[in-house]
Amino acid sequence: MNQTIRDIESSFLKDKESLPELNVGDTIKVFVKIKEGGKERTQGYEGVIIKRRGSGVNASITVRRVFQGIGIERVFPLHSPRVESIKVQRRGSVRRSKLYYLRNRTGKATRIKEKVVAKKDAGKKGEVKKAAAK
Amino acid sequence: MTVGLMGKKVGMTQIFDEEGLVVPVTIVKMGENIVTRKLSKEKNGYEAVQIGGFKVKESKLNKPEQGQLTKSELPLVKPLKEFRVDDTSPYNLGDAVALDSLYKEGMLVDVRGRSIGKGFQGTIKRYGAGRGPMSHGSKFHRSMGSIGAGTTPGRVYRGAPMPGQMGNKNVCTRKLTVVKVDTENGLLLVKGAVPGAKGGLVVVTPSRTKWN
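Protein chains in written order, with the working numbering: chain A, 1 to 134; chain B, 1001 to 1212.
Source of the hints: derived by calculation from the structure; they are not laboratory data.
One should not assume that every hint holds.
[Said to hold, decoys possible] With a straight-line Cα cutoff of 25 Å, these simulated SDA-like cross-link-like pairs (lysine to any residue) come out: (1) B:LYS1043 to B:SER1089; (2) A:LYS51 to B:PHE1016; (3) B:LYS1191 to A:SER60; (4) A:LYS115 to A:ASN2; (5) B:LYS1198 to A:ARG65; (6) A:LYS29 to B:GLY1137; (7) B:LYS1191 to A:GLY54; (8) B:LYS1029 to A:SER55; (9) A:LYS51 to A:VAL66; (10) B:LYS1175 to B:SER1207; (11) B:LYS1180 to A:LYS115; (12) B:LYS1191 to A:SER10; (13) A:LYS14 to B:LEU1187; (14) A:LYS14 to B:ALA1048; (15) A:LYS39 to B:ILE1015; (16) A:LYS33 to A:THR4; (17) B:LYS1180 to A:THR4; (18) B:LYS1008 to A:ARG6; (19) A:LYS29 to B:GLU1018; (20) B:LYS1104 to B:GLY1192; (21) B:LYS1191 to B:SER1089; (22) A:LYS33 to A:GLN3; (23) B:LYS1104 to B:GLY1020; (24) B:LYS1078 to B:ILE1124; (25) A:LYS33 to A:SER85; (26) B:LYS1180 to A:THR62; (27) B:LYS1191 to A:LYS29; (28) B:LYS1180 to B:LYS1057; (29) B:LYS1029 to A:GLN3; (30) B:LYS1198 to A:LYS33; (31) B:LYS1008 to A:THR4; (32) B:LYS1081 to B:GLY1011; (33) B:LYS1057 to B:CYS1172; (34) A:LYS16 to A:LYS39; (35) B:LYS1008 to A:SER10; (36) B:LYS1043 to B:GLY1020; (37) B:LYS1191 to A:ALA59; (38) A:LYS33 to A:PHE67; (39) B:LYS1191 to B:THR1209.
Note that the structure is a prediction, hence the values are computed from the model and not measured.
Kindly produce the complete structure, drawing on both the sequences and the hints.
And the structure:
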């Protein structure tokens, strides 16, 4: 990419600490800033990442959840100032980069296997839970 | 009427505004933009300012350009473009026109450039005409359909969509919002797309609207 473009984008990029590692299949909670009548408050949105696209400032994720029997998918630009923070609750193990098949499934069939991190990668036991707790 | 400034299209990206909304922007790297000549009503018949876009090597200029610039002891710049103005007195020969003197954030601008050449194209690509079935025994695939009625009017109306050169012509995109003016690096961020390929010459002029 052009250096000039990169310089302009870099001022909008979030640093690594504020943005956890996100993968397709993870269950996450996104805290979004919402403006309501001049007031600003934060709202949580919980769901499964079914899609991750783009790179740099362009990167976004699609988070799906089923609410009152209706599937809702929301797209969050990862570097948007409206996305205050993202909390990973559960690491999922999936074999696809886009989980569109979840749209055709309901109930138990939408479960995703939890990712088991190998010992040498994790360093310590319970690393996944710790990461989730962060 | 004011002058316009020349720049080169760098490319597109997206940024976030104060509300956190995504804004698609085109980055334009502005040139040196040096006033090279002033034209007056008495001498030339109209008031205008000639501006040179980018500093170049001597070998990039032809003899008349070199002659004009060296005679008035100016840096070697290219291309030279005239802009009609009401009053030439604020412009001094050899001065660079500052970015922030012309553009402000939130202002509307017109951007002129040469569109990407697509070559000789048919009516489907060029004008969005429909096409025939590609299979089931059809012999009418992508060729042109009817170009008009028969005996009455007995001729083809002017402007009928026909195949020909597509792109590689001067295009002006009007009323684009200026998102950011970066005088330090000579960058202009304009909301939306701008004609031409990356690295192509674009001329940015303030739009003639009541909002500017």
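These are the hints, each one checked on the structure:
| no. | hint | verdict |
| --- | --- | --- |
| 1 | B:LYS1043 to B:SER1089 | holds (15 Å) |
| 2 | A:LYS51 to B:PHE1016 | holds (21 Å) |
| 3 | B:LYS1191 to A:SER60 | holds (20 Å) |
| 4 | A:LYS115 to A:ASN2 | violated (37 Å) |
| 5 | B:LYS1198 to A:ARG65 | violated (41 Å) |
| 6 | A:LYS29 to B:GLY1137 | violated (56 Å) |
| 7 | B:LYS1191 to A:GLY54 | holds (20 Å) |
| 8 | B:LYS1029 to A:SER55 | holds (23 Å) |
| 9 | A:LYS51 to A:VAL66 | holds (16 Å) |
| 10 | B:LYS1175 to B:SER1207 | holds (6 Å) |
| 11 | B:LYS1180 to A:LYS115 | violated (44 Å) |
| 12 | B:LYS1191 to A:SER10 | holds (18 Å) |
| 13 | A:LYS14 to B:LEU1187 | holds (23 Å) |
| 14 | A:LYS14 to B:ALA1048 | violated (47 Å) |
| 15 | A:LYS39 to B:ILE1015 | holds (24 Å) |
| 16 | A:LYS33 to A:THR4 | violated (30 Å) |
| 17 | B:LYS1180 to A:THR4 | holds (14 Å) |
| 18 | B:LYS1008 to A:ARG6 | holds (17 Å) |
| 19 | A:LYS29 to B:GLU1018 | holds (24 Å) |
| 20 | B:LYS1104 to B:GLY1192 | holds (17 Å) |
| 21 | B:LYS1191 to B:SER1089 | violated (32 Å) |
| 22 | A:LYS33 to A:GLN3 | violated (31 Å) |
| 23 | B:LYS1104 to B:GLY1020 | holds (21 Å) |
| 24 | B:LYS1078 to B:ILE1124 | violated (38 Å) |
| 25 | A:LYS33 to A:SER85 | holds (10 Å) |
| 26 | B:LYS1180 to A:THR62 | violated (30 Å) |
| 27 | B:LYS1191 to A:LYS29 | violated (32 Å) |
| 28 | B:LYS1180 to B:LYS1057 | violated (30 Å) |
| 29 | B:LYS1029 to A:GLN3 | holds (12 Å) |
| 30 | B:LYS1198 to A:LYS33 | violated (36 Å) |
| 31 | B:LYS1008 to A:THR4 | holds (12 Å) |
| 32 | B:LYS1081 to B:GLY1011 | holds (23 Å) |
| 33 | B:LYS1057 to B:CYS1172 | violated (29 Å) |
| 34 | A:LYS16 to A:LYS39 | violated (29 Å) |
| 35 | B:LYS1008 to A:SER10 | holds (21 Å) |
| 36 | B:LYS1043 to B:GLY1020 | violated (53 Å) |
| 37 | B:LYS1191 to A:ALA59 | holds (19 Å) |
| 38 | A:LYS33 to A:PHE67 | holds (20 Å) |
| 39 | B:LYS1191 to B:THR1209 | holds (17 Å) |
The structure fails hints 4, 5, 6, 11, 14, 16, 21, 22, 24, 26, 27, 28, 30, 33, 34, 36 (numbered hints given earlier, in ascending order).
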